[in-house]
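Listed in order, the protein sequences are those of chains G and E. Going by this note's numbering, the residue at position 99 of the first sequence is 108; the numbering climbs one at a time, nothing skipped. Going by this note's numbering, the residue at position 315 of the second sequence is 324; the numbering climbs one at a time, nothing skipped.
These are calculated hints, taken from the structure and not from any lab test. Positions of the beta carbon are idealized from the N, C-alpha and C atoms, including for glycine. One or more of the hints may lead you astray.
As the list claims (entries may be wrong) - Below, computed lysine-lysine pairings styled on DSS-like, alpha-carbon distance capped at 30 Å: (1) E:Lys281 - E:Lys147; (2) G:Lys129 - E:Lys355; (3) E:Lys355 - G:Lys127.
To be verified - Not close to chain E: a few residues of chain G, all C-beta gaps over 12 Å, as computed: (4) Glu19; (5) Ile43; (6) Ile173; (7) Ile292; (8) Ser330.
Protein chains: 2
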Amino acid sequence: MANFKITPYEVKGEIDYDKVVSRFGAQKVTKQLIKKMKALPMIMRRGYIYAHRDFDKILAKKKFAIVSGRGVSNKIQLGHLTTLRFVKELQDIYGCYVFIPFSDDEKYMYKRDLSFEKLKELTYENILDIIALGFDPKKTDFVVDTQNMNQEIYNLAVRCAKRITFSTVKATFGFTNENNIGITFYPAMQAAHILYPTVKKGLPVVVPVGIDQDPFIKLSRDVAYKLKLTKPGGVYCTYVPGLKGGGKMSATDPDSTIYTTDTPKEVEKKIKKYAFSGGQPTIKEHREKGGNPDVDVSYQYLTFFMEDDKKLKKIYADYKSGKMLTSELKQICIDTINSFLKEHQKKREAAKKNIEKFMLRD
Amino acid sequence: MANFKITPYEVKGEIDYDKVVSRFGAQKVTKQLIKKMKALPMIMRRGYIYAHRDFDKILAKKKFAIVSGRGVSNKIQLGHLTTLRFVKELQDIYGCYVFIPFSDDEKYMYKRDLSFEKLKELTYENILDIIALGFDPKKTDFVVDTQNMNQEIYNLAVRCAKRITFSTVKATFGFTNENNIGITFYPAMQAAHILYPTVKKGLPVVVPVGIDQDPFIKLSRDVAYKLKLTKPGGVYCTYVPGLKGGGKMSATDPDSTIYTTDTPKEVEKKIKKYAFSGGQPTIKEHREKGGNPDVDVSYQYLTFFMEDDKKLKKIYADYKSGKMLTSELKQICIDTINSFLKEHQKKREAAKKNIEKFMLRD
């Protein structure tokens with residue numbers, strides 16, 4: 010048994026991605042698949058898309074859509090951005106229709122003390138971050154379940170619900186009789202979100218997620234089959250680790266998380282104080298033995314935020330050899346993230362004027 | 010144990026309404042309650058509203074709303090009309106806001122072979138019947154779940170769902186793990202329908218139903234309490250018996266049912282052939298012993314469709330004494346129903362132009 014845990018509600022431990030692929034029964038991303046891509050989004054160049062379902066088949070089609078949902082339980086952090094930036098790159102490369110459902114209703118029903126008002130604020134903040142990434146408003150639709158729920162989506166959820174028993178969601182998600190009937194219904198709504206571009210626009214869909222969300226994809230594939238629709242595919246991204254390393258960055262631990270709204274000083278402080286280091290205890294020892302970039306969180310973050318492959322390679326080598334110190338590596342990480350966030354925060358402000366362009370209207 | 014069965018999914022046997030009241034724990038309709046009414050709708054004059062929950066409290070308020078849902082699993086028959094005509098009379102007497110949700114989504118999820126297309130046809134036919142009864146379009150809204158589902162109603166369903174566990178619906182409605190997750194979610198949507206006028210317009214709600222639907226009312230009352238809303242009240246009508254007598258008229262047995270679209274000839278044939286008679290085997294015996302209007306279905310129907318109390322009383326006496334034969338009683342029933350349906354069918358045609366006036370739009 011590997012020393013990690015992955016469910017739709019929890020991800021923790023040191024994740025062994027090879028074991029994950031076999032445990033979930035997904036397909037590995039192969040060289041042949043990579044070759045089929047017109048161009049490679051950054052996280053594919055870095056090897057962070059490690060598994061998929063049917064992505065090869067979907068790439069073989071002329072056009073496809075991407076569905077990338079947001080749970081809106083908290084502010085957006087760098088981990089969330091990674092998947093969304095990948096989606097944006099795929100949109101640029103393939104001209105994909107991108108559908109982003111905000112399942113604020115699910116969060117409301119799942120969390121005891123979360124109000125509609127609080128969720129509305131969070132959704133607004135999330136929307137700004139997503140627009141800031143540069144999605145094409147002509148090819149991108151947002152649906153916020155409690156704001157612009159759509160008759161077609163509701164009806165599709167009804168069609169999906171008819172084909173999913175309580176037994177199935179119990180076995181798939183571990184629901185019990187004490188769960189509320191909204192939470193147990195929700196997989197039907199999520200399947201509707203995933204299948205919406207297929208029903209509405211006749212496009213096959215791919216869903217990029219952390220593999221913890223795979224049960225939703227499998228369920229949607231079963232329902233698609235029953236509704237005689239093309240089964241949605243999945244692409245599985247590795248997790249951006251939390252500052253303290255391991256598992257995935259979680260918005261619920263502020264010390265382990267960098268939010269898109271953090272100031273340069275906050276970013277500096279968090280990385281200096283919390284970012285797990287692959288360096289040696291003393292400078293002397295570090296110069297002699299070198300550091301370990303493979304466990305160093307600052308280095309990991311660079312792999313998600315530094316576009317330049319060559320520069321990144323040099324940093325890897327220099328840190329490993331001991332030529333580069335942990336403090337130097339951390340400074341590069343701080344500068345890279347702050348430079349990214351400076352731009353991002355500007356675009357985030359500008360996004361305030363453009364929200365309506367993205368809201369799905371009948 | 011009384012020899013009848015009443016659940017939201019089945020009503021059969023000889024119903025003892027006194028036992029029903031105590032079994033369901035409702036309140037009896039008392040003389041004091043009757044006195045509080047500004048005027049009496051026909052079926053209250055006939056004693057067919059036999060029990061209630063909080064109707065006395067709601068009458069004490071200045072204004073109230075009525076919610077009267079339609080399941081749309083079949084064409085409208087005389088049994089359905091009875092409740093709806095009662096609602097229309099209450100609207101006339103009290104100026105009530107009337108909200109009529111058509112839960113076609115529930116029917117779709119409940120019945121294996123029912124398609125959206127078939128439901129759309131049935132809903133259209135149902136709508137014509139309801140408009141034909143003369144509801145005031147300024148005070149009446151229809152929502153068809155798969156046609157004009159409304160964001161506020163959806164959000165209210167989400168708020169209700171958060172407060173209902175699977176255990177509760179399992180215990181209340183006898184659901185099992187093999188039910189689909191749409192059916193198990195549906196009580197939340199139904200509660201939302203019932204509470205909508207309270208949330209939207211601040212009006213207390215009364216729901217007139219057969220007592221088989223009482224579990225939905227009780228559940229809505231629990232949810233209203235949790236949401237700090239006025240608990241909806243219920244008024245319980247006796248069932249219009251099927252032609253063959255006993256239980257309630259069911260749209261699924263055409264031989265036992267008169268539809269609003271039946272021709273005069275069909276009505277004549279059905280009543281002559283199937284209407285259970287309280288008469289004696291021979292005319293001679295009938296003249297001697299008299300008939301039994303209390304079990305005679307033709308007479309029962311007159312109590313629902315003949316406005317004139319005096320005339321009805323005379324028929325009762327004449328049939329009981331043997332002065333009136335079964336064939337004569339049946340003929341009066343045929344004429345009364347056909348006269349009602351002739352008018353109704355005219356208004357039903359005219360309703361085709363007025364549908365949009367009744368559809369709830371944001």
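Hints versus structure:
This hinted pair does not check out: E:Lys281 and E:Lys147 have alpha carbons roughly 41 Å apart, beyond 30 Å. Of the pairs offered as hints, the one joining G:Lys129 and E:Lys355 is violated, with about 49 Å between alpha carbons and a cut-off of 30 Å exceeded. A distance of roughly 53 Å separates the Cα atoms of E:Lys355 and G:Lys127; the hinted pair therefore is violated under the 30 Å criterion. Every CB of chain E lies more than 12 Å from the CB of G:Glu19, the least distance being 21 Å, so the non-interface label holds.
Non-interface call for G:Ile43 relative to chain E: holds, since the shortest CB-CB distance, roughly 38 Å, exceeds 12 Å. The Cβ of G:Ile173 sits about 5 Å from the closest Cβ of chain E, inside the 12 Å cut-off, so the non-interface label is violated. No Cβ of chain E comes within 12 Å of the Cβ of G:Ile292; the nearest lies about 55 Å off, and the non-interface call holds. Non-interface call for G:Ser330 relative to chain E: holds, since the shortest CB-CB distance, roughly 56 Å, exceeds 12 Å.
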